[in-house]
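J.: Each chain, letter by letter, is given below.
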Amino acid sequence: MNLQDIIVEAEGGQQMLLNMGPQHPSTHGVIRFLVKADGEVISEAIPVVGYLHRGIEKIAESMPYAGFIPFTDRVDYLAAMFCNHAFVTAVEKLLGLEVPRRAEYLRVIADEMNRIASHLIAVGSMAMDIGAYTPFLHGIREREIINDLTEMLCGGRLTYNYMRIGGVSRDLPDGFLKRLKGFLDRFDPGFINEFNRLIGGNEILVRRCAHVATIGADEAMDMGLAGPNLRASGVSWDLRRDMPYSCYPDLEFDVPVGRGFRGSLGDSYDRFMVRILEMSQSARLLRQAIEKLPDGDIQAKAPRKIKPPAGESYGAVESARGELGFYLVSDGGETPLRLKIRTGSFSAMWAIHRKSAGCMLADLVVLLASADIVAPEIDR
Amino acid sequence: MNVYAQTLMEWLKVPEAYLVYVRIGVFFVYALVALTFGALFAGVTSWYERRVAARMQSRIGPNRVGPQGILQWLCDGVKCFLKEDLVPKEADRPLFRLAPYPVFIGIVSTFVVLPFSATVVGSDLNVGLVYLIAITALVVAGILMAGWSSNSKWTLLGGVRSAAQMVSYEIPLALSLLVVVVPAGTLSLQGLIRFQGGAPWNWLVFQSPMTFVAFFLFFTSALAEGNRTPFDLPEAESELVAGYNTEYSGLRFLFFFFAEWMNLYVIGAIVTAVFLGGWRIPGVAWQRQAGSPLLELVGFALYLAKSLVVVNVIIWLRWTLPRLRIDQLMKMCWKYFVPIGMVSIVLSMLFTALVTAVPLLGRITSIGLLVLGGLIGAALLRRTAYAFSSFPDKPYFKWMV
Amino acid sequence: MGSFGKYFRNIRNSAGSILDGMAVTLSWMFRRPYTIQYPDRIGRPVQDLIAPRFRGLLEVALPLCTGCQLCQRTCPIEVILVEVKKGADGNRYLTRFDIDVSKCMVCGLCAEACPTGAIRHTREFEMSCDDIRKLVLHYVTEPVLPYKPSARIDAAAVPPVGSIVKRLTRDRHAPYVPYVPVEPPSAEAPPTREGKP
Amino acid sequence: MNGEAIYEQLRDRFPDKVSETRGQGPLKCVYVKPEAIEEVLIALRDQETLGFRHLSFISGIDLKEAIEVAYGLISYSLKVLILLKVTLDHENPTVRTVSHIFSAANWHERETFDLFGVKFEGHPDLRRLLLPEDWKGHPLRKDYKEEPFYHEMPTTREPLLGRS
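Chains as they are written, first to last, in our numbering: chain W, 36 to 415; chain P, 6 to 406; chain Z, 33 to 229; chain A, 850 to 1013.
Fair warning: there could be bad hints in the mix.
[Unchecked claim] Facing chain P, from chain Z, some residues (calculated, C-beta under 7 Å):
1. G53
2. A55
3. V56
4. T57
5. L58
6. M61
7. P65
8. T67
9. E115
[Unchecked claim] Here are the simulated BS3-like cross-link-like pairs (lysine-lysine), alpha carbons at most 30 Å apart as the crow flies:
10. K327/W <-> K968/A
11. K135/Z <-> K968/A
12. K913/A <-> K340/W
13. K117/Z <-> K166/Z
14. K117/Z <-> K198/Z
15. K216/W <-> K336/P
16. K93/W <-> K913/A
17. K38/Z <-> K336/P
18. K93/W <-> K968/A
19. K991/A <-> K866/A
20. K882/A <-> K93/W
21. K994/A <-> K93/W
22. K135/Z <-> K117/Z
23. K340/P <-> K38/Z
Everything labelled a hint here was simulated from the structure, so no lab data went into it. For clarity, every value in this text was computed on a predicted model and none was experimentally measured. Beta carbons are placed, not taken as given, at the ideal position from N, Cα and C, and that holds for glycine.
Work out the full structure, taking the sequences as your base and the hints as a guide.
T.: Below, the structure written as C-alpha cells:
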C-alpha cells in the first residue's frame, strides 16, 4: 500500500486525514506524519521519514576513514560528539588501536558535556511543545555555556569533529577546566532544581504527560528502544555500564530508571524525568573525570593513511538518544565496504508509529517530544 | 456620557431640541477616544509583553525601534498593512473576509460599559454584566467563521476547539459574576463599583469566601475566554500550527491580534471593576468622586493601575505555564468550575442574608480573606526569594537594555 | 476524611507548583539577560568574543604556502583547489589557490594537515552575499613563488590571522566579477617573492 | 558467556542450519541458512539463558557476488552483541521477515529493502522508507547508478571550482 492509497482510504472513510509536517512547529526538523484522526483522537499516525536522507552511509563507502569523521557530525546535530565517538571506536576496534588514557578522559568529558546539552534541548523543547516557552530558553541558555566550552575545546559549536582515530584532535585549552567547573557548580544542583521548580513539577505538565503513551518494558525491548526511552520503561540498560567502553569503568555513576514518577511506568513523564536525572549523573561524571584526568598523550600512533585489515566491527556508545552503533565492514581497502549507522531515533520513531493509536492530537506532540526525536538521525 | 452632553449643552447654550444631536456628537467623540485608547493599549502591550517575556527568558527583547523599542508595534502594524491580504484558493471567500470583524467588534463593544472613572463611561447599562457576556460571545462566532472558512484542517480544529472552549467557559464566567451580583444587588458595572469601597477590605473579592472563590473562577474563565495560556488551545502553536488564524495574513491577521491584546485590557478592566474596587479611592465617597475632575483623574489612574496589575499577571502566567489538553480543559470547566460556581451562588445568598443580620461577621470575614490573600502573596514572595538564593545569578535591576 | 484531605492536598500542591514556576519567572525579571546585542552595542567586534580555536572561514597565508597540495588531498569534499605551474624562467609558481566557501563544512582537516600553517581557520564568519560564485575565494591574484621550508621568513611578512579573509570578503556585496586565471610569468615580467592576494 | 560460546550453542541446536564462526576482526559472525533465520531468532529470543531481546540493527552488505543481511542482536542479561548473517542471491535477494519476532525489525527491514532491494517475505508493510516511493534503484548496492534527473531536477551540481 503506498501513500496515495492511505490518503484515498482515509478520505473516503469516516476519518479525517491530517498532514502533520514536514513543516510543522512541533515535528522538530522535517518529519511528516499522516495522521488519521477522528476529531482530536488519532487512530493512526503514519510517519513519513526521509526528508533529511543525505545518504551518509553511501558517502562513507567513498570516503577515507579519517575524512569521514566530519560527516558523522551530521548524523545527529544535537549530539554530534557521540557520533564521532562511535565511529572512531569502530575503526579503532578494527585497527586494534590502544587509545591513550588522557584521550579517553577527554572523550568522556566531551561526551558528557554533549549529553547535558542534548538533554537540555530535549526537556526544554518538550516543555515548549506542551506550551511553556520559557523553560526552553532557560535550557538554551545553559546549553549556550556548553557550546562556548566546546568551542573553546574544538572550535565547533554544533559540528565538532573533535575525535580522531586513536585519540582526540586537541588537548584542553587554558582555563577550560576552570570554566567547566564553574558551569557544573551552577548547573547541578542549581539549575536542575530551578528547572524542576519552573516546569518539571508543574501540575499542568504532569497532567499532560503522565499516563500518556505508556510503553511497558517488554514492549520497549521488542520495539528496539534504546537509551533514556528504554530506561524510562524500567529496563536498566546503559552501554556505559553494561558494555563498557572508553574510561567509564573508572567512573562512578547511577543509571536512572523510570519508576512511574507521577503516573504509570514508561509514560511520557518518566521519559522527561529520566532525562533530567541523567543530566545530573552527567554532571557527576564530569566532576569525576576532571578530578581523575591523567596526563599524557592525546593521540595514539595511528598510521597516516588508515587502512584497516579486512573484518567487521561494531562500535557502540550510549548516545543521548540511546545506543548509537556504527557497524563497519572493511575489505582491507582505504574506504569501508559498508557502514551501517544504528541510531536511537530510528527505533524511537517506530515506537511512535506503534503508540500513536488512541492518543489525542496534543498527546502525539507530547509523545514525539518525549521520545526526543532528531530527524537527521532517522534519515541519515 | 449623558451627563457630559447635558453639561455641554448648558455651557454652549444650545436649545433643548438639539439634545439628541449633541448626545450623538458626544458619543462619537467618546467612541473615538475609547477606540484610540484600546488601540494604543493593544499596541503598546504587544511590545510590552514581548519585553517582559524576553526578560523572563533572560533575553533582551525588541529594543531597536524608538526608545527601548516602544514603537515596535507601529512597525509591526505597518508591516501588516503592507502585506498582501491572501485568501486561500479553496476558502469560503466572503466568510473568510468577514471573520475578523465579529472578533474585533466583540472586543471593542465592551468599551460601551467599561468605565474609566466615576462618570466617564459609555453607557452605564443596568444590565451591564449581561451585556458584557453577550457581546463577547460574538468573538466565538468570528473565530468559528475563520476556522471554518479557511478550509484547512488545522484552522477547523482550532475553530472547533475554540467554540467548544468559549461556549463552555461562558457558564462559569456568568456564574462567578452572579456570585458577586448577589451581595451587590446590581448588574451595572458602575453600580458594582459604587457598592465596593476604596480600601481592599471593602472590595468585592474579599467580601465573602464565595466571592473570593468567584474571583479565581472568573479570572481563570476569562483567560479561557480570551484564549490566553494556559488555555490557548485554539491557537496552540505546537499542535495546530497557529489554530484558526493559520491562513490569515496582512490586515486581517492584524485584526485578530489587535483583538487579542485589547482583550487583555478588557479582562483586566472587568476584573478590576467587579472585584478590585474599580475607580474607588480609599476614604472618599463615590458621590464626591463623581463631582471633582481631580478625583476623577485619580480614580482613573487607580483603575488603570489595578487593571495593569491584572494584565501583568496574565502576561506572567502566559510565560510560565504550559497549556492544558482539550479534554482536561473541558473536564475542568464542567466537573469543577460549574459545580463550584453553582454552590457558590447558593452559599453567597445564605451568607448575604447572614451578614445583613450580623454586620460584624462581614467585617471579620473581609479582614480574614485579606489576610489569606496576603498569605498567598507571601508564599509567592518566599518562593521568589528562594529562587534568588538557589541560583548563582545575582539580582540585576537595570531594566533598560 | 482521607480522600477529602487528599483532594485539598492536591489543590494545594497544584497551586504550589504553579506558584513555584511563577516565582522562577519573576526572579528572572530581575536578573541580567544573557543575550548580547549582535552586531552592534557590544563595544568590540564580535570576532574578539569567540574562542581562539573557533573554526571560521579558511584563509591562506601565501608567504607560508609551499604548494604541496596536502590540504587539497585531505579535504573530504574537494573544497580546495591548488594549482602549481611552471613559468618561463623554469621556476614553479603557485597560480591558483581557491577555496569554495559555499561548500566548505569547516571541519578543520586541511588546517591540521598543513605542514607550515599556511591554511588556517579564522574567527571571521560573515560571508553572506547574493551570488554563490562570490563564495569562491581566490587567494592567488598574481603568480607566487612557493615558500621553501629552508628559507627563513620574516614573521612580519605573514599577515595576522583573519586579515586576509577580511580583505577578500570586504566587497562581497559588490557585483560579481568573473575570475581571471593567473598565468605564470612569462620571461619579461620579473617574478616577485611576496604575492599580494 | 561470550560471543563464541553462544555461536557454539547455536550450532549444537541447529547443526545443519548454522555455519562455523566466520569473519575476521573484532566482530565474528555465524551464517544462518536464509530459511532458518526465523527459528534461530526465536530460539535466541526465547531461551531463558540467552535472552536476546534487543534487535540492534539489520544491515545489508553488498559483496558484488551476493548480498548479505546482517542481524545484530544484544542480550540484556549476557551483555553481549552477536551477529548473524544470511547470504542471499544478488539478483533477487529474498528472505523471510523477522518483524513478527522483533517488531523493531519492521523499519530496519523496510530500510534494507529501500537501500538494497532485499525483499522480506511476509513483511506487513514493505514500502520504501527513506527514499521517495518513485525512486528508481537501490542506492547502497554497488551496481547502483544514480540517474541524472529526478522529476526533471538534476541530481548533481556543477562544481564551482573548475580547473583552468
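J.: Report the numbers of all earlier hints that the structure fails to satisfy, in ascending order.
T.: 9, 10, 11, 15
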